[in-house]
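Asks: Whole structure, please, built from the sequences with the hints as guidance.
Read top to bottom, the protein sequences are chains A and B. Numbering-wise, our numbering puts 218 at position 176 of the first sequence, and it's gapless, one number per residue. Numbering-wise, our numbering puts 281 at position 272 of the second sequence, and it's gapless, one number per residue.
Read the hints as simulated data drawn from the structure, not as lab findings. Errors might be hidden in some of the hints.
[What the hints assert, rightly or not] Quick list of the computed label-pair ranges, beta carbon to beta carbon:
{"hint": "1", "chain 1": "A", "residue 1": "A175", "chain 2": "B", "residue 2": "D332", "range": "33 to 39 Å"}
{"hint": "2", "chain 1": "A", "residue 1": "D235", "chain 2": "B", "residue 2": "I32", "range": "52 to 58 Å"}
{"hint": "3", "chain 1": "B", "residue 1": "A145", "chain 2": "A", "residue 2": "D173", "range": "51 to 57 Å"}
{"hint": "4", "chain 1": "B", "residue 1": "L156", "chain 2": "A", "residue 2": "D336", "range": "57 to 63 Å"}
{"hint": "5", "chain 1": "B", "residue 1": "L337", "chain 2": "A", "residue 2": "R174", "range": "21 to 27 Å"}
{"hint": "6", "chain 1": "B", "residue 1": "L150", "chain 2": "A", "residue 2": "T70", "range": "37 to 43 Å"}
{"hint": "7", "chain 1": "A", "residue 1": "S77", "chain 2": "B", "residue 2": "L117", "range": "54 to 60 Å"}
{"hint": "8", "chain 1": "B", "residue 1": "L210", "chain 2": "A", "residue 2": "R174", "range": "37 to 43 Å"}
{"hint": "9", "chain 1": "B", "residue 1": "R17", "chain 2": "A", "residue 2": "G265", "range": "50 to 56 Å"}
{"hint": "10", "chain 1": "A", "residue 1": "S117", "chain 2": "B", "residue 2": "D143", "range": "49 to 55 Å"}
{"hint": "11", "chain 1": "A", "residue 1": "E203", "chain 2": "B", "residue 2": "D143", "range": "34 to 40 Å"}
{"hint": "12", "chain 1": "B", "residue 1": "A151", "chain 2": "A", "residue 2": "S117", "range": "49 to 55 Å"}
{"hint": "13", "chain 1": "B", "residue 1": "D143", "chain 2": "A", "residue 2": "R248", "range": "47 to 53 Å"}
{"hint": "14", "chain 1": "B", "residue 1": "A151", "chain 2": "A", "residue 2": "T325", "range": "55 to 61 Å"}
[To be verified] If you want the ones that stay clear, here's a sample from chain B, every Cβ over 10 Å from chain A, calculated:
{"hint": "15", "residue": "A141"}
{"hint": "16", "residue": "T272"}
{"hint": "17", "residue": "P295"}
Please read these numbers as outputs of a predicted model, since none were measured by experiment. Quick reminder that beta carbons are idealized off the backbone N, C-alpha and C, glycines included.
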Amino acid sequence: MTATPPAVGPTLSVRDLHLAIAGRRRDTPILRGVSLDIAPGEVHGLVGESGAGKTMIGKAVLGIQPSRARIAAGSVLFDGRDITHLPERERRRLMGRGMGLIPQDPMTSLNPAHRIGAQIADVLRLHLGLDRAAAGARTLELLNEVHIRAPERVVRQYPHELSGGMRQRVSIAIAFACRPKLIVADEPTTALDVTVQRQVLALIKRMQAQEDASILFVTHDLGVVAKICDRVTVLHGGRVLETGATRRIVEAPGHDYTRALIAATPRHDRPGGLLRPVPEALTARLDAEALAYDAARGSHG
Amino acid sequence: MSWTFLLRRLLLAIPTLFGVAVIVFVLLRVVPGDPIAMLIGPGATEADIAELRRLYGLDESIALQFVYYLRDLAGGDFGTSISMRQDVMELVLGRLPVTIELCLVAMLVAVGLGGAMALAGAYWRGRSGEAAVDGAAGFILAIPDFLWALLFILFVVVFALDGLPISGRIGHDVAFRGATGFLLVESLLRLRLDAFGSVLLHTILPALALALPLAAIVARVLKTSINEAMTQDYILMARVKGFSRARIVGREALRNALVPTVTLTGVQFTFLVGGTVLVEKIFSYPGIGNMAIDAVINRDLPLIQGLVLTFAVLFIAVNLLVDVSYALLNPRMRHG
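Replies: See below:
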């Protein structure tokens with residue numbers, strides 16, 4: 043379960059990242075000095091409740107944060123290269139082969155106006171320079187790899203003709219199509235049926251192992267983290283509360299909030315009736331800490 | 010999309026056309042004006058007038074005229090033009106291709122110009138490029154088509170742009186007699202490029218006058234729906250795929266933005282067809298719009314009725330085409 047210690051540098055390194063949403067009167071801080079490292083081939087879980095800023099980290103890494111979001115400080119290093127403020131053209135070259143995304147909602151993430159085959163083939167043609175025939179053949183292979191039956195038929199279909207699970211498999215095929223070093227998986231199983239969730243999770247894990255890609259796995263579900271992640275970062279209010287190997291975090295959490303999150307997560311060996319929500323006093327304390335952090339930062343200029 | 014759908018729409022057109030026929034008949038009998046008075050010379054006697062009335066069936070009671078009118082319509086007989094003494098159907102069909110070609114050219118210009126403006130506005134979203142597109146669309150829309158027509162003529166006259174004709178459909182010096190009325194298409198197919206160029210040159214200004222307001226509407230609606238599409242998740246995916254902004258706007262967002270635009274363009278296209286009445290008159294362009302004005306001036310009741318029904322058929326055809334295009338544009342409706 044534990045990642046091999048990085049003999050080479052990390053694939054992704056987020057350093058003291060501060061991000062705020064520009065408002066009319068003042069900016070609203072979303073990320074407050076986030077740092078994390080992902081080694082090559084590592085699956086790194088990013089856990090927190092909604093509003094913790096975990097999705098924003100994923101977007102900032104991919105450079106698709108909303109236009110009103112401003113990176114105030116810190117940096118994102120990909121393969122040792124600073125990509126925080128990469129110009130549009132170079133950012134595009136990095137996508138596909140460098141990074142991919144498995145989206146949260148497969149129902150809205152595929153273009154409803156284009157056929158499935160075209161939506162996979164277009165990345166192959168853009169980044170790998172394949173011609174139409176080669177891209178078509180590789181598309182069929184990819185669909186096979188993500189266990190889609192009758193790929194010859196599926197490539198001619200439109201997204202609305204596929205189920206949610208099938209669409210997420212297609213998204214996974216797109217994400218892995220150009221063999222990227224890093225994939226951001228943004229709650230990839232949240233929008234799926236429980237029965238499909240497990241299959242999709244297994245598929246992501248298998249593809250990751252096969253391609254030896256790193257994954258930034260954004261989720262609110264510690265149960266999912268325990269299944270798939272090598273390391274975990276726990277996030278609250280845009281701050282990292284703790285980072286560590288999954289086993290260590292799950293078995294001996296170092297932070298009260300992590301303990302509370304674990305207590306709030308359903309497990310096979312514990313009936314659902316014993317689940318406890320995160321105590322309000324703890325949440326209030328963390329929020330106060332975040333505000334104090336902002337105030338301290340503000341006074342520093 | 011299925012054949013039953015098409016058939017149902019075609020059957021629905023029958024009561025619509027019947028309604029139009031009734032309304033135009035009633036309206037023409039209610040408004041004052043005597044077609045015979047417009048026709049006769051100064052020396053006509055009472056007997057001559059009575060004879061003419063009998064000839065055109067105007068001596069019957071209105072109710073009976075209506076029955077005859079419907080009976081003839083059902084048999085495909087639109088009557089005889091009073092002012093031109095020719096079969097209405099022949100007259101209208103002779104002129105219809107002219108207007109159809111004019112409208113199609115205008116449509117192409119409107120979609121091309123409006124589409125380009127919309128794409129530019131969406132590409133430069135939130136920057137001065139978008140503001141320029143919005144401003145231009147607002148300005149164009151503030152001026153109706155017939156005023157554009159007059160402005161163009163003024164422009165041509167003031168700046169002595171002799172190369173740009175402002176009257177007629179083909180140059181007098183071009184010897185080209187089409188077997189059909191579709192001079193533009195026919196001259197091109199027969200590789201008579203001199204005739205094609207001449208017709209095209211004569212068509213540019215009236216088509217542009219008709220097209221400009223529609224282009225502004227297309228620009229606005231399409232830009233809005235592209236901007237709307239640009240907020241969707243699949244656009245985020247396209248950015249992660251590493252596509253350029255031009256490709257994302259033009260290929261990923263545009264296709265999804267087309268449906269609402271086609272609806273509105275279809276509706277607005279009927280206004281464009283209606284606009285031919287004034288614009289053709291201004292440019293002496295020999296289509297059915299021009300003919301309609303003359304028919305009204307001459308109180309040529311059968312011709313007016315025939316022309317109004319023709320316009321109604323055009324409107325119905327346009328709406329049908331819009332519905333068909335939905336199915337082609339939106340894969341989700343293709344199997345429904």
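Asks: Next step is simple, just say for each hint if it's right about the structure.
Replies: Right, here's what the structure says about each hint:
| no. | hint | in the structure |
| --- | --- | --- |
| 1 | A:A175 with B:D332: 33 to 39 Å | holds, 37 Å |
| 2 | A:D235 with B:I32: 52 to 58 Å | holds, 57 Å |
| 3 | B:A145 with A:D173: 51 to 57 Å | violated, 41 Å |
| 4 | B:L156 with A:D336: 57 to 63 Å | holds, 59 Å |
| 5 | B:L337 with A:R174: 21 to 27 Å | holds, 23 Å |
| 6 | B:L150 with A:T70: 37 to 43 Å | holds, 39 Å |
| 7 | A:S77 with B:L117: 54 to 60 Å | holds, 57 Å |
| 8 | B:L210 with A:R174: 37 to 43 Å | holds, 41 Å |
| 9 | B:R17 with A:G265: 50 to 56 Å | holds, 54 Å |
| 10 | A:S117 with B:D143: 49 to 55 Å | violated, 38 Å |
| 11 | A:E203 with B:D143: 34 to 40 Å | holds, 38 Å |
| 12 | B:A151 with A:S117: 49 to 55 Å | holds, 50 Å |
| 13 | B:D143 with A:R248: 47 to 53 Å | holds, 50 Å |
| 14 | B:A151 with A:T325: 55 to 61 Å | holds, 56 Å |
| 15 | A141 | holds, 20 Å |
| 16 | T272 | holds, 16 Å |
| 17 | P295 | holds, 42 Å |
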